[in-house]
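Trainee: Take a look at the letters that make up each chain.
Protein chains: 4
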Amino acid sequence: MERRNVGILGATGMVGQRFIQLLSNHPWFEITWLAASDRSAGKTYADACRWKLDTPLPKRIAGMTLQPNVPEGAVGELPKIIFAALDADIARDLEPKFASAGCAVISNSSAFRMVSDVPLVVPEVNADHLSLIEKQTWRREAQPGSHPGGYIVTNPNCCAIGLVLPLKALEEKFGIESLFVSTMQAVSGAGYPGVASLDILGNVIPFIKNEEEKLQEEVFKLLGAYKGDHIEMLEARLTAHCNRVAVEDGHMECVSIKLRKPATHEEILAAWADFNPLAGQHLPSAPDQPIEYDHAIDRPQPRLDRMRGKGMASTVGRLRPCSLLDWKFVVLSHNTIRGAAGAAILNAEVLARLGKFESKKKLVTA
Amino acid sequence: MERRNVGILGATGMVGQRFIQLLSNHPWFEITWLAASDRSAGKTYADACRWKLDTPLPKRIAGMTLQPNVPEGAVGELPKIIFAALDADIARDLEPKFASAGCAVISNSSAFRMVSDVPLVVPEVNADHLSLIEKQTWRREAQPGSHPGGYIVTNPNCCAIGLVLPLKALEEKFGIESLFVSTMQAVSGAGYPGVASLDILGNVIPFIKNEEEKLQEEVFKLLGAYKGDHIEMLEARLTAHCNRVAVEDGHMECVSIKLRKPATHEEILAAWADFNPLAGQHLPSAPDQPIEYDHAIDRPQPRLDRMRGKGMASTVGRLRPCSLLDWKFVVLSHNTIRGAAGAAILNAEVLARLGKFESKKKLVTA
Amino acid sequence: MERRNVGILGATGMVGQRFIQLLSNHPWFEITWLAASDRSAGKTYADACRWKLDTPLPKRIAGMTLQPNVPEGAVGELPKIIFAALDADIARDLEPKFASAGCAVISNSSAFRMVSDVPLVVPEVNADHLSLIEKQTWRREAQPGSHPGGYIVTNPNCCAIGLVLPLKALEEKFGIESLFVSTMQAVSGAGYPGVASLDILGNVIPFIKNEEEKLQEEVFKLLGAYKGDHIEMLEARLTAHCNRVAVEDGHMECVSIKLRKPATHEEILAAWADFNPLAGQHLPSAPDQPIEYDHAIDRPQPRLDRMRGKGMASTVGRLRPCSLLDWKFVVLSHNTIRGAAGAAILNAEVLARLGKFESKKKLVTA
Amino acid sequence: MERRNVGILGATGMVGQRFIQLLSNHPWFEITWLAASDRSAGKTYADACRWKLDTPLPKRIAGMTLQPNVPEGAVGELPKIIFAALDADIARDLEPKFASAGCAVISNSSAFRMVSDVPLVVPEVNADHLSLIEKQTWRREAQPGSHPGGYIVTNPNCCAIGLVLPLKALEEKFGIESLFVSTMQAVSGAGYPGVASLDILGNVIPFIKNEEEKLQEEVFKLLGAYKGDHIEMLEARLTAHCNRVAVEDGHMECVSIKLRKPATHEEILAAWADFNPLAGQHLPSAPDQPIEYDHAIDRPQPRLDRMRGKGMASTVGRLRPCSLLDWKFVVLSHNTIRGAAGAAILNAEVLARLGKFESKKKLVTA
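Chains as they are written, first to last, in numbering that gives the first Met the number 0: chain A, 0 to 365; chain B, 0 to 365; chain C, 0 to 365; chain D, 0 to 365.
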């Protein structure tokens, strides 16, 4: 099978680096276009990037020249598939330009997640929401001079992704009424340079800007129902406490949950063990087991469990009764793999399976 | 004023070291007796102890010889006041022996906290519970050969203390119906050597043995009502998630709370600002302001706020509405000062004010 | 005694914060003027500063308004004594302006340390070098419109200060021929935000810009001889390896040394114990014992020993034979107290004793 | 090719776990026997071990029953090849018993490293030293009831291994006269539980028991010359400063070196680039490039570089002139892979190539 060309917007940041790491040997996608801000455009990737991952920067990528982060001028070679790892403010401006240019923008940014015709997707949870793209203006009708067929698909906040996997399994079987979530989040979630070492060594910061708000709204869209032209949010309540801790990678979440129907310990474990909606689809980035339950009394732990399923599994542990709601448990997932770049790539794999990367060839003329 | 002699059981451990640090210039108490396990008894304190605090080991203490941790043989010089920093298993055996010998045992251990005639006290919260000591057998009647008048007083778990201060202020004004608590606790709470560095560097451990259980039961005894011969527990519900993080000192707690009466943001802040039951008593270890509220968006933080009130204040921040219960906020307190040794010393200061250290002189004979 | 007014340039940075912390109860100096960059000028200190120390921001300071960092327009109230905590590039431009305006600029910057008529001073080591200020143009002759009598005095790099104390004691008694120094430096030395947490958590960075060069040249000026109008550098050799480690405060240095005359273990310990050139001068910031030797096999350690002498002592340990040079040992000092703000304040205290703050009153007119 | 059976002594410790991780998919060796202390013998591996690595415990190993750590009683199934991950005190007693029983003991312990007929080997450096085994009594003549042919081969201390790779390349080309080494070592080097978190969070410990001594003597045996029945130590001088830092894995070493012949920067880099004595041997654990030089100004770093060559490469950086000796540079290697378990496995791979695992079949009878 021929590999499809892909481009990366924001290629030098922490999430951009993960895209490169995860895509550099991807069986379906091949990086052919890297873009960065004006400051870096024109440099080689190796010169512009402070590579912070513990696997080597692939040689081919190191030598690639960073392009300006605009679709114009690159139309000839602009890939159909654009992975976007941009800050929300920049994404708000740039992503629509690439969608207008006919690209499938697979975005990790928060800019458009809650827009009604933009799918916010975790494939195991709500792949059916991807149909929303057909409602997007960019896809339906293009501006003169641009290519039709573009769209934006988003993945959620790094905390929401790990959490929503075990939640979906419970929602399907028992229904969810309310949730308490307290997070302990890794510093890589803040990008680079991100959190100052003086702020986090021997310390905890009980605040992450907009994080509690994002978690509270994104979970209900993810668990919501596709209604043709919009998503009906799940009716439930969630309160979040978000904290930054001195961990490099891996977000931990303490969860208490009230279900709509009674569930036993065994039934909950079974719901998680049986949850595998992508089984049999052979998507390269899908973990064999999206939810791994660890029976040890003191697991999951970020350093030991974040790489389960090549960083794509959500590890759950410590299921026990809650004296206030019904049950409590702990969830861990890798925040820059499952929680960011890996999530976007899995979205792209599903879109590929659905045939959503076939270009409508005709350039729209006035 | 003459200083009273005091002894320390378990003097070489982390809490024992804090007792020594905090008592070495105490205006009311003077350390005259140090005891340790058989392995250390007979050595000087300096030889037996790996001093881990960042202030120097006081010279006078360094040269003191550690005594066996039994009251016998030391009756002549055994101080009336014994601070006990023992593991629960050892405390269960040793503390009653010292109470039988006529000592006021001011214990930091969990062994007797929930026993019905043993006061579990944080002076700002429930100093009236101290009257329970008059019901203790050791105090009422001594065995032949022993001194009457002994008793045991306990302070709570390191997490419960910091939390119960802001809770008491709310309980008095508005009543408490239910509580979520998610903790991020410092490694010093596990003693020395305690948590292995391989377990906590770049990591979080979502489990601390018995901690959730202690927190859930101790808070209700602390907020309970003194009924002459027992404490009537507060009727409320609490669920706890306890985690260990890579912080040296200072326990953080994320709290969601449902009150019995409606309270505005301003009313809650006022309740905390006005809370100062020990004001005017001039107790050496009582902080000027037991609850300090910080208005900054990202506070409290362990490294910056744990030493407020010389480590005896509870710092609160981020009061905001909770979408599930009524309000949520963050609490921080120093786990080995306010949460352990300082708590016990403050209990002893209150007992001194109440005249509970006057020995009943007569030796009981058969 | 009346307290002298002092100002602080660069008041909001990490070293500026230490100046405020250490000066806020200083018996000789009173902060009356705070300056910051254009971005912050006009704001209150509390609004402009992210206070990162673990003692509270003094209330009086919190409310002070930050002034522009230029002497003009503030002549009426510009203090004679200016503590400067500026980056080298900015110091190079600003410090001469304040010296021209008649101020005694007590600088922590590297900008002028190696200039021949600028004293680079650690008072216990080379207070006699302060006479160099009389050669400075600013002090001898002022420009029209400015006040004569201004000068610049500098303290060394944070690594050089802790090291030079034990070295001076050895140089005096035995002479120094060569030195190997390998450092492990705290993140606070890089200011705020400084080192990114992703760079230092679970990591070591074996490079600090210009640090090895500074250490190698400053030590020889500090140990050099005052020759009326310049300093004759000490003739010796030093090689440095500088590393950043995950420590908040406190620089560690592993040292191997070759002496010019043979010295026994006891003689070296005696040289350090006897070293106290400021004894009897009653300078508020001078530690009782500038060099503290710790006999424990595993000391000094940053977390336990950096606050010795209120952060102004240099702690030495592990003196043992070196199989290549003569002896090896470990040195620790607090990098933002002894190594920065405290060093500058001690310089100012010596200058006060020497009468170098008496203003020459006359304004120079054309 | 049939895989050879191997056993592991001390299988539950940190190095034992690395043996299991690295051997579980090894093409030449298959784990068939695991032994542990009396306390653990009889349990399954999963029950006895606190698995601390970030890859899952292999299922087959999890279910294996731990055997007593003595050769008797297991003769029938005792593998010829025994990897030993024992503390030195225990190794001193146990390893000879297994050699007596005819086993090839591939030891990571320090117990026999400096014994004259025991090879201390890093294959790229001194594989010829392996011939020493033929001099070992266990190999030449066995006791009645035991199998002849046993022997002990050791690998060096975790610090010596990473260092000796770049040193060997220099020794061959230019000769080594003297060396300064200052280390910053990871906590995993101390085993589990090892270093207490209270000792290392925000801290450095400038002492590791016996480490400086081991480093100083092992390097010279490794670089020494095989003389038929003993090793002639390299004539050179080395002084070491060993420190523990808050890093999980990866030992950093700052090195200053004086060579016997002059060498330019380019010649040294070439010596390192060309150094690959195992090239072409196709040993499964040998890295493609044993010495990787990184030209970035701030590399190597433990978190980013320890996994180069699957944890088997030594990364060097910052080669620059030394003002005291000739050159200085920084070395990094993974302390529990290249520095321990991986080193032993590579030794075994070389022994396999040399045919040193062919059992002499005959049981010795009296």
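Just so you know, the hints here were simulated from the structure itself, not pulled from any lab data. Since we're looking at a predicted model, the values are computed, not measured. Hints are supplied without guarantee of correctness; some may be wrong.
Intra- or inter-copy, both count: the list cannot distinguish identical chains.
[As the list claims (entries may be wrong)] The calculated lysine-lysine pairs, modelled on DSS-like cross-linking and capped at a C-alpha distance of 30 Å, are: (1) K172 to K257; (2) K96 to K260; (3) K58 to K309; (4) K309 to K172; (5) K355 to K42; (6) K134 to K257; (7) K42 to K172.
Trainee: Each of the hints needs a verdict: does it hold here or not?
Mentor: We went through each hint and held it up to the structure:
In the homo-oligomer, the alpha carbons of K172 and K257 lie at most 30 Å apart both inside one protomer (13 Å) and across protomers (29 Å), since each shortest distance falls under that limit. Neither within a single protomer nor between protomers do K96 and K260 lie at most 30 Å apart by alpha-carbon distance, with minima of 46 Å and 52 Å respectively. Taking identical chains as interchangeable, the C-alpha atoms of K58 and K309 lie at most 30 Å apart whether they share a chain (22 Å) or sit on different chains (18 Å). Taking the shortest alpha-carbon separations for K309 and K172, only the intra-copy value of 27 Å comes in at or below 30 Å, while the best inter-copy value is 43 Å.
In the homo-oligomer, the alpha carbons of K355 and K42 never lie at most 30 Å apart, since the shortest distance is 32 Å inside one protomer and 54 Å across protomers. For the homomeric pair K134 and K257, neither the shortest alpha-carbon distance inside one copy (35 Å) nor that between copies (43 Å) is at most 30 Å. Within a single copy, K42 and K172 get their C-alpha atoms no closer than 52 Å, and across copies no closer than 38 Å, so neither meets the 30 Å cut-off.
Checked against the numbered hints above, the structure breaks hints 2, 5, 6 and 7 and satisfies the rest.
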